[in-house]
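S.K.: Take the sequences, apply the hints, and build the full model.
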Amino acid sequence: MGASLSFPEEEINHERTYLITGGNSGIGYEAAKTIAGLGAHVIIACRNLTKAETAVKNMQEEYIKDFSLKMEKELEANRRDPRKLNIEIMELDLASFAATKRFIEAFKARNCKLNVLVCNAGIAVKSKELTEDGYEMMLQANYLSHLLIILHFLPILTASGDDSRIVQTSSIAHTVGKFDLTNINAQKSWGEITFYGSSKLYQIMSMLWLIRNIKSIEVTISSCHPGIVYTQMTQTNDYLFVRAFAKTYFARSAFEGAATIIKAAIDNSLQGQTGIYMSDCKIKTPSSLARDPEKQDELMKWSLESLKPHLPENLTEILNYDQ
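FYI, numbering that gives the first Met the number 0 numbers position 131 of the sequence shown as 130, with every residue one higher than the one before it.
Note that these hints are calculated values from the structure, not bench results.
Everything hinted at is true.
In silico SDA-like cross-links for lysine to any residue, where the CA-CA straight-line distance does not exceed 20 Å:
no., residue 1, residue 2
1, K125, A172
2, K177, I192
3, K127, Q186
4, K69, L84
5, K107, L306
6, K100, M136
7, K214, E312
Pairwise CB distance ranges (calculated):
no., residue 1, residue 2, range
8, T49, T174, 31 to 39 Å
9, Q272, K125, 34 to 42 Å
10, N267, D80, 22 to 30 Å
11, K125, D161, 40 to 48 Å
12, E304, E60, 43 to 51 Å
13, A108, Q186, 33 to 41 Å
14, R78, P292, 52 to 60 Å
Glycine included, each C-beta is placed from N, C-alpha and C at the ideal position.
M.R.: The following block contains the structure:
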């Protein structure tokens, strides 16, 4: 991995807990394996628990192999045995508010700390689909359900000590997203690229709204563009030329794509920095639309109203928000 895609490989306190949605594959898999390999307690939340169990087994095997190769380069006196990765799994279906609430309540019932929440899971669909709740699939799975998790977990993050973070896997695709409340739920028209980009745009807009209205200064929020990553999402794209072009010219490995997310989640030099958008492991500037405070207010008014039946009862204690 080039120097431009680097993050500090420093030991993480084993008491720090990282929750990564979509941690069973792609970018999330690499982030979970790397962060656990540095010593942290990691929980991966995903829809398919069988696949999650297989992923954890593979992570341990890959970690041992990589660690052993690394130790071969060390002086014998400095060599160590590989650790057993502390990774747990939880069930989460972001396409359902009921399922998302079950996940939220199950996590709360653990009464454990949460130091870093990585909202990584995301989908791209090839045709218009509505969830059981009546929302466009990418709007709910990529944006609304993650926002619901954030709002419920803010008090836990705040209570977990210094340097609590929320990291969102966004995308440069946010620059092609649109914000139009008359069509936010595909009431008039739908397009695969536009609605995927819009779901990523809303992540950044909500982040910038939250840093203006969140009452806890202990929790920081960042959004990251991982680059064009050759994962299952690009491999299954219907357009063959898109797959070939991405793989040949732009695509990174899942590990390279995870680098920016990992950096945002663990780099001590970023402690206290909030509302940042990162790409190539560097702080960048998101689109002007994403940075528009009035549009952020409009989006969040709509979002909070849409989520109203599922919001935490103490929301006004968390946010500067009039219900």
